[in-house]
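Asks: The primary structure of each chain is shown beneath.
Protein chains: 2
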Amino acid sequence: MTAVTKERGRPRKFDRDQVLRLAMEVFLDRGYDGASVGDLTTAMGINAPSLYAAFGCKEALFREALDLYVTSAGPRTRDELHKRDVTAREAIQAMLREAARRFGEGRGCLVVLGATHRTTENEAVFHDLAERRNETQSLIRRRLKQGVADGDVPSKVDISTVAAFYATVLNGLSLQARDGASRKQLMGVVDCAMKAWVGLVGAT
Amino acid sequence: MTAVTKERGRPRKFDRDQVLRLAMEVFLDRGYDGASVGDLTTAMGINAPSLYAAFGCKEALFREALDLYVTSAGPRTRDELHKRDVTAREAIQAMLREAARRFGEGRGCLVVLGATHRTTENEAVFHDLAERRNETQSLIRRRLKQGVADGDVPSKVDISTVAAFYATVLNGLSLQARDGASRKQLMGVVDCAMKAWVGLVGAT
DNA sequence: ACCTTTCTGTAGCGGTCAATACATAAAGTC
DNA sequence: GACTTTATGTATTGACCGCTACAGAAAGGT
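Read top to bottom, the protein sequences are chains A and B. Numbering-wise, the first sequence is residues 571 to 774 according to my numbering. Numbering-wise, the second sequence is residues 571 to 774 according to my numbering.
If you are wondering where the hints come from, they were derived from the structure by calculation, not from laboratory data. Possibly wrong hints are sitting among the right ones.
Same chains, same names: a pair is fine if it fits in one copy or spans any two.
[Unchecked claim] Here are the simulated DSSO-like pairs of lysine-lysine, each with C-alpha atoms no more than 27 Å apart in a straight line:
1) K576 - K653
2) K583 - K653
3) K754 - K726
4) K653 - K726
5) K715 - K765
6) K583 - K754
7) K576 - K726
With these hints in hand, go ahead and build the complete structure from the sequences.
Replies: Quick look at the structure:
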């Protein structure tokens with residue numbers, strides 16, 4: 571099927587996907603503003619012109635790295651929240667555990683920590699990340715509503731506030747991870763948050 | 571009493587405490603790395619040489635701003651945790667509510683968000699902030715132990731994990747605030763976290 | 001009056017930032 | 001082999017970074 575179109579011109583010396591992954595690691599370690607193009611090119615093992623030819627600019631590179639993170643390296647929060655064959659409680663618990671499991675090596679989430687302050691040069695990136703965080707909280711809210719529809723969440727529950735609570739814990743996990751918390755400790759925090767469920771929502 | 575020693579040389583044109591407060595605001599808005607000396611001098615209404623004469627360097631200015639924040643502008647987490655005439659539950663609740671109350675205008679805590687990534691130039695500041703966060707969590711732990719001694723916390727409770735949980739919520743509040751959560755919403759999150767108490771520690 | 005002390009504004013230091021100009025190298029096309 | 005196309009390495013660009021040299025201004029001391 572897919573016709574293997576012959577590449578024209580001099581071929582690249584590096585694997586685009588591979589160096590993108592390396593760039594993602596740098597952004598995870600230092601954030602968008604803290605990662606200089608010099609840091610990136612060094613880690614990726616290429617020179618600046620190659621980076622710009624392949625990715626456009628620093629911001630575009632970050633966007634690609636962010637996409638890679640969300641779709642593969644980061645916690646699959648969306649996937650867990652979209653599962654419909656479980657209760658809302660089980661879905662949210664799975665989401666938090668997935669996050670605790672992924673935030674191992676003291677780095678936390680790229681969406682949460684990628685740009686923690688709005689500056690003149692990160693404007694667009696900051697906005698994009700804020701939107702993604704907002705979307706996550708919105709997804710939690712919707713999953714709770716689904717729970718009401720499914721009958722495993724009482725209809726009198728204050729959905730928005732409970733969603734904000736679990737979003738706060740989810741985001742807080744990134745900060746704990748950055749401060750060196752182990753996977754085991756993070757999992758303990760998640761267990762605490764889930765023990766709150768009965769008091770917040772009701773037994774299910 | 572205090573002999574009013576006459577000041578020698580040309581007097582300052584600005585109030586040191588007042589411009590320090592303005593610098594603190596800038597650091598709150600942009601973080602340590604994101605706040606350039608240009609940003610600071612503009613906000614403070616002084617020129618760079620005046621800043622350096624009065625405060626030494628950017629890092630020293632940040633330390634003074636941080637001190638001001640911790641002792642006056644920020645949430646009085648330490649004070650609330652040191653209160654001994656209340657139960658551990660009441661102390662921790664008061665701490666979280668104080669934080670929710672202070673994190674109004676979408677800025678969060680300077681200790682939590684002042685430097686979220688270690689870089690070459692923020693090394694010392696980052697370490698200092700991490701130590702303060704660690705100290706806060708340690709204080710929560712100690713307050714829980716005090717609760718055990720006072721008899722309002724069962725001795726079988728996993729103190730460290732519960733402390734990590736409430737520290738996670740405390741830190742998470744800063745992220746929610748930065749993303750625009752209102753005081754009311756933050757207070758709702760705190761209420762959720764406190765509803766977990768019974769499940770985590772036991773009724774008191 | 002004159003000196004010393006301290007602060008002020010201007011102007012600029014070397015360094016790093018993100019991004020590029022340019023010449024060359026390596027591939028396919030004809 | 002000549003030509004086109006694309007990638008490469010070197011070497012810069014102008015802007016901004018934290019910070020400071022310098023000269024003049026404004027106070028007290030004598």
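Asks: With 27 Å as the alpha-carbon cut-off, assign the pair K583 and K754 to within, between, both or neither.
Replies: neither (41 Å within a copy, 55 Å between copies)
Asks: With identical chains, the pair K653 and K726 could be close in the same copy or across copies; at 27 Å between alpha carbons, which is it: within, between, both, or neither?
Replies: Intra 23 Å, inter 36 Å, cutoff 27 Å: intra-copy only.
Asks: Classify it for me, K576 with K726: is the Cα-Cα distance of at most 27 Å met within a copy, between copies, both or neither?
Replies: So K576 and K726 fail the 27 Å test inside a copy (62 Å) and across (69 Å) alike.
Asks: With identical chains, the pair K583 and K653 could be close in the same copy or across copies; at 27 Å between alpha carbons, which is it: within, between, both, or neither?
Replies: neither (42 Å within a copy, 64 Å between copies)
Asks: My question is about K576 and K653: at a cut-off of 27 Å on alpha-carbon distance, are they close within one copy, between copies, both, or neither?
Replies: neither (42 Å within a copy, 74 Å between copies)
Asks: Classify it for me, K754 with K726: is the Cα-Cα distance of at most 27 Å met within a copy, between copies, both or neither?
Replies: So K754 and K726 pass the 27 Å test across copies only (19 Å; inside, 34 Å).
Asks: Within a copy, between copies, both or neither: where do K715 and K765 come within 27 Å Cα-Cα?
Replies: Result: close both inside a copy and across copies, 20 Å intra and 21 Å inter.
When the structure is compared with the earlier hints, violations turn up for hints 1, 2, 6 and 7 and for no others.
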